[in-house]
Every structure is written in C-alpha cells, then in structure tokens.
Amino acid sequence: MPSLKLPKKQDLKRYGTLFSVLSKYGFEDVLAATPIKNLIPDTYLKKHPDTHKLLSYSTYERIRMVLEELGPSYVKMGQVISNREDMLPPELLKELVKLQDNVKPLENFDVAKKIKEELALDSNECFSYISPTPLAAASLAQVHKAQLLTGEWVIFKIQRPHIKETIASDISIMKDVASALEKYSSQAQQLQPMQLIASFEKSITEELSYTQELNNMLRFSKNFENNDIIYVPKAYKAFSNDHIICMEYIDGIKVSEIKKLQALNIDTKAVATLGVDLYLEQILDFGFFHADPHPGNIFVLPEQERICFIDYGMMGSIMPKDKEALEDLLLAFFKKDVKKIIVVLKKIAIRTDIPDEKTLEYDLNELLEGISNIAIQHIKLGATLRQFKNILFNNKIAIPHYLYMLIRALVIIEGVGLKLNPDFNITENLEPYMTTIIRKRLSFKRFVKKSIARAQDYTNLIDTLPEDINDIISKIKNGKLVIVHEHKGLNEFKDTLKTAINRMVFAIIIAALSIGSSILVIADMPPKVNGIPILGALGFLISALLGFAILISIFKNRKL
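Residue numbering for the sequence shown follows the numbering used here, starting at 158 and increasing by one per position.
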C-alpha cells in the first residue's frame, strides 16, 4: 500500500483542500462518464444548476477547473506542463493553455496601503496617481499602473498575500505525492514526477524573487545596451524589494495584435524576422534568454521603432561550457551527424539510462531523414523539437532545466513568428548563426584559448597530484580507503543457487521417505489395508507428490 509521510501542521489545511476539490470533481466525473447521469431527474438538475453545468464539461475541462480551484501553485504547475506534448494528450494541453489568463483579481485590495507597508514610504510623497484597478492579474501577482510625481508612468507588480507560504506548502505536498507515485507506480515512473516537480520548483522560486527579476532586467539591459532594435524597460530600485517591483510602463502594441500593427503600416513580416533574430541573439550570443516569450510579453513600440520584451521573472541561463555544447548540438543537427548528436546529448544530459543505443541512433536518424525530405521553407521547428523531446523521453535521457526551458521557448517564439508571418521559417534565421559558429570554431583565437585552457588543466593536475597521492596513502594507512565494487547479476545467481538448494533438500527428503517407506513395507509393519502397511504406502505417496512437484517446477523453470 502506498503511504505518504505525515504532513506538517501547516500543510494539513492544504491537504484538506486538495482532497476536497479532487473528491468534488472526481465524483462529478464519475457521474458524467457512467449511465448514472441518465438516472438523475431533470427536476434535480434544474434545482442544482452547478451540478448540471459540471456534468456538461469534458474530463480535461474538469482537470483544468480543479487546478484553478486549488489556487496559484497548481495554476502555475498547469502552465509549466502545458507544453509537455511528450507526456500529455493534446486535448488536455489545449485546456491547460487556458490557465494563462483565467485568474481573478484580489478583492478589496488596497494597493496604496500595500506599497506603503512594503516600501516603508508615503505613497503621496512619491506618486501622483496609483490605479486601484489592476491592469492584469496572474497566478502569483497582479499589476497596477501608477504615475510618479516627475510625470513618468510606471507599473507595480505585487505578489499576492502569503503566496510564498502557500506555494512552499503546495510544493511539499506535490513532492510527497510524486514520491509515492514514483515509488509504487511503474506508469508514473516513466513520467518522472519528481524531476517535473523539481523543475517546477526551480522555475517558481526564481519567479517569486522580485530582487532576482530586477537583477535579470539589469543584466538583460547590459547585454543589449548597444542594440538600437531592442528596448528594455527601466527598473526602479528605490521602489522595489523581494515582494514588489516597480518598472517603466510600456505603452506599445502586443505582437499578437496584428490588425493594430497593420493599421499603422508596420511590416509584420519584418517584425517577425527582427523579433526572432533578437531572441536567437539572447540564446547564442549571451546565453541568457527570456524563458516565457509568449505574445503577451513582446511589444512593438511604433514611435521608437523598437521591440520590447517584458516580464523578466522567468529567465534561462546557459553556462559557458553548456553554451559550447549547445552550439555543437546545433552544428550536428545541421550536418545530420547522428553519432555526434548522441555524444553531445550524453555530455549535456543530467541522467542517461539509454536502454538501447542503436534504437536511439535509429530514432534520431529517422528524425533527420524526415527533415531532409522537406524543403527548408516548410520545416517547422516546433514540430521537430516536439519529436526530439519524444525521442529523449522514450530513450530515458533527462535533459537539464535550462534546455527544457529553451526548447519550450523556441516552440513559443516560432509560433509568434508564424502569427506575424504565415510564411515565416525560423531555420532561415538560424543559418547565419551556424556560419558564425563554424567560423568561430576554426578561428586561431579559439585554438589559442582552448590550448591555454588545456595547459592550465594539465598544470592543475600536476600541482594537485602529490596531494591526491598522499591523501590516498593516508587513507590506506588509517584503514579508511573504501572500494565500491558492484556485482552485476549477483541477485540472479543467489536466486538460482537458492532454488537449486531447495530442490536438493526436497530430493533428500524424497529419498529418505522412499527408503523409510521401503523398510516399513519389507518389515510388514502393521497397521495394514489389504495386506499393505499403511505407513509405508503413505510415505510412497508423499514421495511421489513431492517428486511430481519438483518435475513441474523444473519444466516451468520456476522457483520452488
């Protein structure tokens, strides 16, 4: 029986809410999926419109409603997994996408009072106006517009009250449930629920730190300070802390508002190309990219003729070594070098339990052959990446968090490009980068840099070698040297040996019973039936049954 550890005191209320909501929607789902629904009188449904309404929803709609009712953590969780085409059915993904905007604003929320409490300042001395009505409400925070005394328009992103405590409690519960599922359900193990929760926890922890978001904005602004095409909103440190952030209000047009852009004679095809180029620059030049580039987070500024990304709470960061490995992966894909792709994947992956490398090679080759048969202008990166994710999943390759975020972001950004330009093809934007990467790999500067790095590694190895040897010798002298040796196939050997011993013991018992029974028959020992000693006959019968059992065990190759 699966068992969960006893919940902490602060988690008990959330456990109660979880079970209550799941029971509520589970019961309605049973009604909708069985003939019981037909037995409910119409008069009852008229008196209970909520029940009638719930019964009209599909299973996947009710899953989405459960997440919404459970609150911010589960809404955010739904958003994070809403792109996992490799794990979830498309009907459910379609519902999870709706979680993006279905969050109600806080009721009776005094934004001016909250700003005063958080920042320890009198809002009247700093702001001429603060809107009580939010511009937007999200699962973790809501946004209010305000005006400084200097005349500048800004926005405040304010965390929902007690949201960190609620999310910490919810994540604790999610870990308990995921751990139990992973331990007791082979089907759940394939979905790697603990890894999914860990990925979600990392994302949401970063997003909840507004100090981190402020630093993200400053770093992003520094990367593009010499770029005239991208615009980064100004951040106001004096009016920000870990729970509230103040930044410049962006008065622009969302890239999804095609008709508005066209009304101003803005070339949407050019916007698509420039926007994606800027995004690839984030990834391939700086290794620091916006991890949630959906259309609501990208604006066109007509007066300045610039593109602006907003909401820097979820950012992806690629370490220099990983960035080089990512470049290797892109080059290998463009060269259709399956062997190289596998080598790079092993280098990047956080865990590889590849059941059969030949199968992986075949899957990747099939993917590349499929791309080869399509004209470059018709290749869809999103579909290719989804197929690539399926290959990783099926071959038990766990990719790091940043790469998962990157694949998700590239799928989203390609979708944005296609909305702006139906003929858009992201591979055309990638080609110039491939040329740059190849040129950089062949440069003398890189050769010198790599040679110096290798020389430093060898020098460090030589410097530390005496200390390492002394450490090993010291452990040997003190009897602290531990050698870990794995016996492969030992359990199978033990089982075989155990079975053989069991059969040998039974054989000895059968032999003893047979000999004893023979002595009893020869001795003509009473009691008798029809002149045959009963004890002797009984011994022969037991011996025959045991012998028959051993024969069956041997033929069926089972343990006795």
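Treat the hints loosely; a few may be bogus.
[Claimed, not checked] Derived pair list, reagent style DSS-like, types lysine-lysine, alpha-carbon separation capped at 30 angstroms: (1) 332 with 504; (2) 340 with 553; (3) 302 with 270; (4) 480 with 302; (5) 426 with 394; (6) 273 with 321; (7) 492 with 478.
Hint data in this document are derived by calculation from the structure and do not stem from the laboratory.
Results of checking the hints against the structure:
Annotation: proposed proximity of residue 332 to residue 504 holds, straight-line Cα distance about 28 angstroms (limit 30 angstroms). The straight-line distance between the Cα atoms of residue 340 and residue 553 is roughly 17 angstroms, inside the 30 angstroms bound, and the hint therefore holds. About 15 angstroms separates the Cα atoms of residue 302 and residue 270, which keeps this hinted pair within 30 angstroms; it holds. For the given pair, residue 480 sits about 38 angstroms from residue 302 by alpha-carbon distance, which is inconsistent with the 30 angstroms threshold.
Distance restraint check for residue 426 and residue 394: the Cα-Cα separation of roughly 37 angstroms exceeds the 30 angstroms cut-off, and the hinted pair is therefore not satisfied. For the suggested pair residue 273 and residue 321, the alpha carbons sit about 20 angstroms apart, so the restraint of at most 30 angstroms is met. A C-alpha spacing of about 21 angstroms is found between residue 492 and residue 478, which places the hinted pair at or below 30 angstroms, so the restraint holds.
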